[in-house]
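Novice: Throw the hints in and build the complete structure from the sequences for me.
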Amino acid sequence: MAGTIKEELSANKSYITMKKPKGNNPWEHELILNTNKKDLKINEVVFVTHDQSSGGPSWQSTLPIHLDNTLTKLEKEEDGGFFNYTLKLSVMFSGENTTHGRFVIKTNHPKKPEISINGFIEAK
Numbered sequence: 000m001a002g003t004i005k006e007e008l009s010a011n012k013s014y015i016t017m018k019k020p021k022g023n024n025p026w027e028h029e030l031i032l033n034t035n036k037k038d039l040k041i042n043e044v045v046f047v048t049h050d051q052s053s054g055g056p057s058w059q060s061t062l063p064i065h066l067d068n069t070l071t072k073l074e075k076e077e078d079g080g081f082f083n084y085t086l087k088l089s090v091m092f093s094g095e096n097t098t099h100g101r102f103v104i105k106t107n108h109p110k111k112p113e114i115s116i117n118g119f120i121e122a123k
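In numbering that gives the first Met the number 0, the protein residues as written are 0 to 123.
A hint or two may mislead.
[Stated by the list, open to error] Only pairs whose alpha carbons sit at most 30 Å apart, straight line, appear in this in silico BS3-like list of lysine-lysine:
| no. | residue 1 | residue 2 |
| --- | --- | --- |
| 1 | K87 | K36 |
| 2 | K110 | K75 |
| 3 | K19 | K75 |
| 4 | K36 | K72 |
[Unchecked claim] Computed Cβ-Cβ distance ranges for the label pairs, DEER-style:
| no. | residue 1 | residue 2 | range |
| --- | --- | --- | --- |
| 5 | T16 | N42 | 22 to 28 Å |
| 6 | K5 | E121 | 28 to 34 Å |
| 7 | P25 | H99 | 16 to 22 Å |
| 8 | V45 | G79 | 28 to 34 Å |
| 9 | N11 | H99 | 17 to 23 Å |
| 10 | E6 | V45 | 38 to 44 Å |
These aren't lab readings, by the way, just hints derived from the structure by calculation.
A virtual CB, placed ideally from N, CA and C, is assigned to each residue, including glycine.
Specialist: Right under this line is the structure:
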């Protein structure tokens, strides 16, 4: 007997790298979410820094950075009732230093309301 165990909500990346864009464009990253939820929604995406040395007041280093996001459901349902979604993240970042932390993706999934993925946003 063989089988595959799948998480109810997972991402195709275990680390997110938001590289400095050319010109005045936003920093962007795209990933694929896989879930058994047919009508997945993203409630919020924030970046929470691990860095405590932002150069400004210490309270600023604890503030999350809110990211814009666009979720697009891919047409085809996978075997076993799973669906793929493309999640495009973007942010206008003004940090002078590359900032390491975790991206927290909050969803409407009843059994997995959030995913946390480590990563960084490159300095401007």
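Novice: Take a look at whether the Cβ-Cβ distance between K5 and E121 falls inside 28 to 34 Å.
Specialist: holds (32 Å)
Novice: Using the C-beta atoms of N11 and H99, is the stated range 17 to 23 Å upheld?
Specialist: The hint (17 to 23 Å, Cβ to Cβ) holds, given that N11 and H99 are roughly 21 Å apart.
Novice: Do the beta carbons of E6 and V45 sit within 38 to 44 Å of each other?
Specialist: Roughly 21 Å apart at Cβ, these two residues miss the hinted range, so it is violated.
Novice: I want to verify a distance hint. Is the separation of the beta carbons of V45 and G79 within 28 to 34 Å?
Specialist: With a Cβ separation near 31 Å, V45 and G79 satisfy 28 to 34 Å, so the hint holds.
Novice: Between K36 and K72, is the straight-line Cα distance small enough, at 30 Å or below?
Specialist: Given pair K36, K72 holds - Cα atoms ~11 Å apart, limit 30 Å.
Novice: Taken at face value, is the distance from the CA of K75 to the CA of K19 at most 30 Å?
Specialist: violated (33 Å)
Novice: Taken at face value, is the distance from the CA of K75 to the CA of K110 at most 30 Å?
Specialist: holds (23 Å)
Novice: Range hint 16 to 22 Å: satisfied by the CB atoms of P25 and H99?
Specialist: holds (19 Å)
Novice: Please check whether T16 and N42 have a Cβ separation lying inside 22 to 28 Å.
Specialist: holds (24 Å)
Novice: Next pair to validate is K87 with K36; report whether the Cα-Cα distance is within 30 Å.
Specialist: holds (19 Å)
The structure is inconsistent with the numbered hints 3 and 10, although it conforms to all the rest.
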